[in-house]
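Heads up: the sequence lines are chains A and B, in that order. The first sequence begins at 4 in the numbering used here and counts up one residue at a time. The second sequence begins at 69 in the numbering used here and counts up one residue at a time.
Derived from the structure by calculation, the hints contain no laboratory data. One thing to keep in mind: the hints can contain errors.
[Said to hold, decoys possible] Derived DSBU-like pairs: lysine-lysine, alpha-carbon spacing no greater than 30 Å straight-line:
hint : chain 1 : residue 1 : chain 2 : residue 2
1    : A       : K54       : B       : K130
2    : A       : K444      : A       : K759
3    : A       : K481      : A       : K444
4    : A       : K5        : B       : K130
5    : A       : K276      : A       : K223
6    : A       : K223      : A       : K559
7    : A       : K5        : B       : K179
8    : A       : K674      : A       : K632
9    : A       : K5        : B       : K183
10   : A       : K559      : A       : K248
11   : A       : K658      : A       : K592
12   : A       : K89       : A       : K248
13   : A       : K412      : A       : K382
14   : A       : K8        : B       : K183
15   : B       : K179      : A       : K8
16   : B       : K70       : A       : K8
17   : A       : K144      : A       : K420
18   : A       : K144      : A       : K383
19   : A       : K151      : A       : K89
20   : A       : K294      : A       : K367
21   : A       : K176      : B       : K130
22   : B       : K106      : B       : K179
23   : A       : K420      : A       : K382
24   : A       : K191      : A       : K272
25   : A       : K151      : A       : K176
26   : A       : K5        : B       : K70
27   : B       : K106      : A       : K8
28   : A       : K276      : A       : K383
29   : A       : K248      : A       : K276
30   : A       : K54       : A       : K69
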Amino acid sequence: MKFFKFFIAFAISCGLFYLLNNRLQLESVSIPPLGKFLNPYEGFWQNAESKAIDGPANISLEGLEKEVIIRYDSNLIPHIFAENEKDLYMASGYVAAYHRLWQLELVTHNAAGRLSEIIGKRTINIDREQKRIGMLWSAQKVLNEWKKNPQIMEMLNSYSNGVNSYIQSLSYKDYPIEYKILNYAPEKWEPLKSALVLKYMSKMLTIGEDDIENTNFVKKYGLELFNQIYPDFPEGIDPIIPEEKIWDFTPSFRETETDTSYVFVPIAKTISKQYPGVGSNNWAVGSTKTKSGNAYFSNDMHLNMSLPAIWFVVQYHTPEFNVYGHILPGTPMIIQGFNDSIAWGMTNAKRDIVDWYQIELKNKYRNEYLYDGTWLLTKKIVDTIKVRDAEDIIDTIVHTHHGPIVYDKNFLAENPKVNLAMRWLAHDVSYEPLCFTQLAKAHNYEDFKKAIRHFSCPPQNLAFADIKGNVAIHVQGKFPVKYPNQGKFIMDGSTSKTEWPGYISPEHNPQIFNPTRGFVSSANQHPVDSTYPYYVYSDNNEYYRNRRINTVLNEKESMVEDDLMNLQNDNYSIFAEELLPVLLDSLDKSNLSENDRNILSVLESWNYEYNPLLAAPAYFEIWSGEFYKLIWDEISRSDIPLPYPSSYQTVWLIKNEPDFEFFDIDSTEQKETINDLINLSFKETIYSISDWQEENEGEQLTRASYFHTDVMHYTRIPQFSAMDLEVGGSGDAVNANTYRHGPSERIIIEMGNPIKAWHTYPGGQSGNPGNPHYKHFLASWVNGEYFPVFYYHEPSDHEEATIFSQTLNPQ
Amino acid sequence: MKFIIKLLLILIAAIFIQPHTPWWSVMLIAFIVSIVIKTNWFSSFSCGFLAIGGLWLFMAIKIDQQTDSILTNQIASLFTINGATYLILISASIGAFAAGFAGLTGHAFIKLFEKKKSPYY
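Isolated chain B (complex conformation) (with noise of 0.2 Å):
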């Protein structure tokens, strides 16, 4: 359950921000939100990584489609990538990626100020 809010969490608040700041904004988000709502290290991962890679692919197959891939197929020769599909796997993967790390970092930051249970009670 965790898991969802989190992600959702990345994803809305990605959504509203993202169009108006650079694209670094995305890591912040998800290290944020990785402070605030605190899992295992295996979801403050994922939950950036698939929310914004998956917020990045909707939105890069969105204008491939709505420009009949005219300037996607330019650069994905341009970088000798060898098709559409691959450049927008590709910018998926670099949001999700960089997400996915940010998401990693603050848990482990706020790690840093988790007490240690004590063993006596």
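The following block holds chain A by itself, in its conformation from the complex (with noise of 0.2 Å):
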């Protein structure tokens, strides 16, 4: 009897024991271990945090050579002291793991194809893909290369010790609270892993070619009609570099007669690509159209809006330079910033710098590809993704000198004949981290140029402005010198005739200093106008935001930093000014019922701005995307993926060739003129708008609820997110908020004696969401309203701001 009570007691202990220490999964809920999560001296509750910052004042850390000074101001930005780059980069791992080390590991693990093993399952096609198309591969190669480079490895190392000073400081009670809901640990850090992010950055700003999409449709419709509804210079456009600029290069471009031809191959599903809407906007105004006579610069980068926010804010000051801005976690380098002398920022330049070439294999084996001729040699690799709590997934790529095969029989090609080849600039080496250094340290104009010719990928519009009142644009990056509508298309691989012939030299790239207008802008726009010496092609380039700004920034004189805080939150959407009195137009009035007459009327009196709370904001977007889909139903409905038209091309193609074959319905009988369209759009607008009502039932139905707009927690946990924001702005306009979208930072430099600037971003400088500077910025940004940045230049600077300091000792 004694035996069994001790039995039954002990087995109870056991079983709550193992109950509570282990994670458990319920259909497709996990529970994190309770008791370890639960108790309050490890668990969550020691995430909670009272005070933005209470870490000890002093630390000490191997490695380090000279103590570093960090002052953090009441907006949590910390101001890093140090003798020199070495001990800087440290500290700055310190730092940022200290604030963001879920964040870190997470874009890291996503980008090398390694979410499953914290997921599971259920990630296993994103890594997959990452993995195909070369991510982890390219920054194994990268860092091999800049193995070589004293000056980078010296950075990285750093860093990867900063981090790992932190990482080895803690224990499980210490862990971000993303370790502990999802049960695991972070691990090291390495060099290799901040190359990573470059990747992860490039292919966030890369990829959205429609190579795949641009020869299906010409397969089906043929180049003439192509050329009409993507062509590569629409009408009226307004490009980055103005018409004054005048190329006065000879290019140096292989001689070959233009080549349309393509490689058709079926394939059913893509990978996956960026949303169309991810861009920026960039602006330095200079001395000539200032109030204060000194250079202006601005600039909102949009990006996948998250929490933790994708940017940190930094200050960096050594004997040798002071320099303050936004860095991306995982990496050291300020993207975005000034110092003393210049600032600069930068917005995605949209180039095709992805293409496609498919392969012949010469048998099942896959050990040889057929090139000018002859039979080169495959190289296969092998990569394994672990998945938690299931089996490993291995997948061979077959790697050519394009690039790796990423659609074939074993990923998203269901014809065993289909073999894609991969040709991404972001493969290539390439030294940004050597940018970014320098321009740190840059005292003037020249400085800059040298620079940025380090930036490769992904390319950029590099904006400047400087203490003297200049200004400039770069459009930066590697391109490729191609012949009209390379790469437009699937290539033949089997060729060196299709192949990328060499680069632009970077002097023949794009760039403009001290325009007359007084001004630099850009919003994704087309780099140049079609005078360019060399062929430019894009799938995806923007027509609003850009007119918006130039408008705005040619009509004001003796600008002061409000003008420019208002136009990054302008609203208003030249799409909508120049499509919906098309609409309106052409709709047939009699026959509405009230509920249809007062639609009408809060778009006939609308002035396109989109403000949160109209309604007529909400009811145009409705309207426009019912009308694109009657208009473009070959496109949506056809059973292979075709390009979508750009917005700007569609209006252009209503008001200029009413009579075109595709305004027609395919699915009716009857031929539809855009007329027909534009009434049919709208009663199903009247329809859309009733069900939105239905379903939000005593809502208003307005800019801001019909868009929802959310920044999300990387895990889309929405205890952890800030979700339906009260915002204005849409894709199309400077204030480029949509569903997940949008100014994922603004800043604005007015670069007089003193330096002063403003800045805001949708998040906050910590990471954890038990703290209260988790989102201390998000409201001001929702408002359009900007914190002053402390610019210090000696550590006893800004005391009145001053929250806590922080000082690195060696050890």
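Starting from the two chains in their separate frames, assemble the complex, guided by the hints.
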């Protein structure tokens, strides 16, 4: 009996221990180990913080050479004072890990195709795609080259040491909360991970190419229609480099006849593409157009908004330089910033730098492929994807000299003859870290130009302003020289004739210094007009934000920071201005119900501003969407992927080619005209509006309620996210908020003496949902307000704003 | 009296040991104390239950108050628990039950070695 009692008690205790110490899987829901997680001494409770920062005031770090002083200002921005760069980057790693450790690791796991290790089966496809397109492979390749460059390696090794010193100091109770929820532990950092962060950005900013879609279209409808719907240079564009620029050089490109040949291969589904709204705005206004006579610099980079925020703001001070700006957690480089002399920042430069080659393999063993009449050897890389609570997945990826074969019988292609190799600029070795270390130290335009030569991928429109009132913009990247239409379609990989013959020399890249209009700007539009001596093509150019920015900047004189802040938060949509009157003019206004007339009158009196609480932007958004669907029914209903035409060209066709053949709806017997489509789509709009109102009972349909702009936590946990923000804007407005994308930061810098700056971003410096600063900037960002930047010259500066001081000591 | 000593012993041991050890150290503490101080099965369970439940409850309330429920509310909502108070109670009861059953196990364990009192004098 005693034994039996003991056995029962012991069994219950063991059972409790097991249940509370392990992660439980209930269907699709995983429950963290509750004993660990709910224990107030080590569980999530320990992640709740009452102060923005409360670490030890003195820390000793192994490997540090001299003392490093860190001052946190009231926005939790660290101002790091180091005696040399090695110490600086080590401190930067320590600080980044302190605030954003989980984000550092998640982003690099994502880039490396390792999400399934922590998430499980759900992310296998994401991981497979990352491995297929060679993210990890190219990061390793670039790191191998960087290892020959002591400057880059000193930076990345120091950063690594800083991150690792922080990781080593942790026990379970100190882990960021996401580790506790998902029940795993941080792993050691290494320079490879910083390389992966750059690949991650390259993917986000460059993969959106339509080669497969374009090929399908031409195969189905022919090249003439293709050129009509997807012209390289539509009429009326406003490129980054203004007309005044004279291209006084002869291009160094190979003479080839225009080759529009393509290889058709059937593919039903493509790899994931960047959201077309990803873009950014920047401009720099020269001394002639500002009230103070100082140049002003403005940048708002639009990315997938996330929590923890995609950006982290720091200041670096060494005896050699003093720089302030935005870094991507995972690298120590200041991507957008300013120092005592210059300011710089970027927008994504649209150019086709992803091409696809159909490869002819000799046989099923896939060891040889045809190239210029001979059989070359392939290289096979066996990739293993570790999956949490499941078996590993093993994928063999065949590499050619073009790049990895992404689409084949094992991935996305059903037809065994399909073997598409990817030629992607991000696969090439490049030295972006050098660009950023040199920018931090740059004193003038010449230094700026030298620094940005190291920047190849992802290509960016780099704007510049200095304390002398100068402004400039460079479309910077390593751009392949292409013959017309090269890379627009799937190419034949068995001949050298279709390959990139070389790269445009950097001095031929589009650029302008102090243009006569007094400012430079970019918003992901065409870099140049058709007079540029090289062939330029992109699958996705911007047509609206750029024109709005240029209109406003052209009109305004003696500008002050408020003018630029207003422009960054401008909700005006030129797209609405150009399309809505056409829709309204052709609408048959007889037989409208009272409800219809109300909707119509709201639209008729609209000023084309996507203000958060207006109904008109929501109505227009629905109507233009329905209208687009009806016009391009051939595209959206196609069984093979086809490219989506731009709104810009759609409006142009409506106005200039009213009888265009695509306006007919395929699935109906009669022949529809554009007027029919406008009236039909209005009816659909009425239905959609009443459907929306039924679904969202009691809610007003407005820009804000329709878009539901969210800033999501990486895990999509709503409690850690900011949902349903009352913001204005649209993808076509300068304030480019959509559902999940928008200005991931806004900064304005006045390059005077002293330098002044104002900034905000949708998040906060702390990555901890239990920290009061997790969403510190969010409300100001929503309201279009800014925080003044505290730019320190000495650790003792801005004493009133300093909330915390920390000293890192050598061991 | 034994009951109070036992409860205090578990509590004090946990106050010192828990901050440096994983959550399950409270099970070990209750188990060992139950072996050292023999009581009946009911006291063995409730000493662990009350000492650890009370300690965890106190800590959870303290953190919740100091941080204005900043994270408690988020986690409660994530676990679809109605409010921070319930989350505090659930956390405390996890410690309470774990320590309670560990105490009971300790009691049952020491019973194994107890000699039966001889009926003969």
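Each hint, compared with the structure:
no., hint, result
1, A:K54 to B:K130, "holds, 15 Å"
2, A:K444 to A:K759, "holds, 19 Å"
3, A:K481 to A:K444, "holds, 23 Å"
4, A:K5 to B:K130, "violated, 41 Å"
5, A:K276 to A:K223, "holds, 22 Å"
6, A:K223 to A:K559, "violated, 48 Å"
7, A:K5 to B:K179, "holds, 7 Å"
8, A:K674 to A:K632, "holds, 17 Å"
9, A:K5 to B:K183, "holds, 11 Å"
10, A:K559 to A:K248, "holds, 22 Å"
11, A:K658 to A:K592, "holds, 21 Å"
12, A:K89 to A:K248, "violated, 42 Å"
13, A:K412 to A:K382, "holds, 17 Å"
14, A:K8 to B:K183, "holds, 16 Å"
15, B:K179 to A:K8, "holds, 9 Å"
16, B:K70 to A:K8, "holds, 23 Å"
17, A:K144 to A:K420, "holds, 29 Å"
18, A:K144 to A:K383, "holds, 15 Å"
19, A:K151 to A:K89, "holds, 17 Å"
20, A:K294 to A:K367, "violated, 70 Å"
21, A:K176 to B:K130, "holds, 17 Å"
22, B:K106 to B:K179, "holds, 9 Å"
23, A:K420 to A:K382, "holds, 19 Å"
24, A:K191 to A:K272, "violated, 37 Å"
25, A:K151 to A:K176, "violated, 40 Å"
26, A:K5 to B:K70, "holds, 23 Å"
27, B:K106 to A:K8, "holds, 16 Å"
28, A:K276 to A:K383, "holds, 25 Å"
29, A:K248 to A:K276, "violated, 33 Å"
30, A:K54 to A:K69, "holds, 29 Å"
Checked against the numbered hints above, the structure breaks hints 4, 6, 12, 20, 24, 25, 29 and satisfies the rest.
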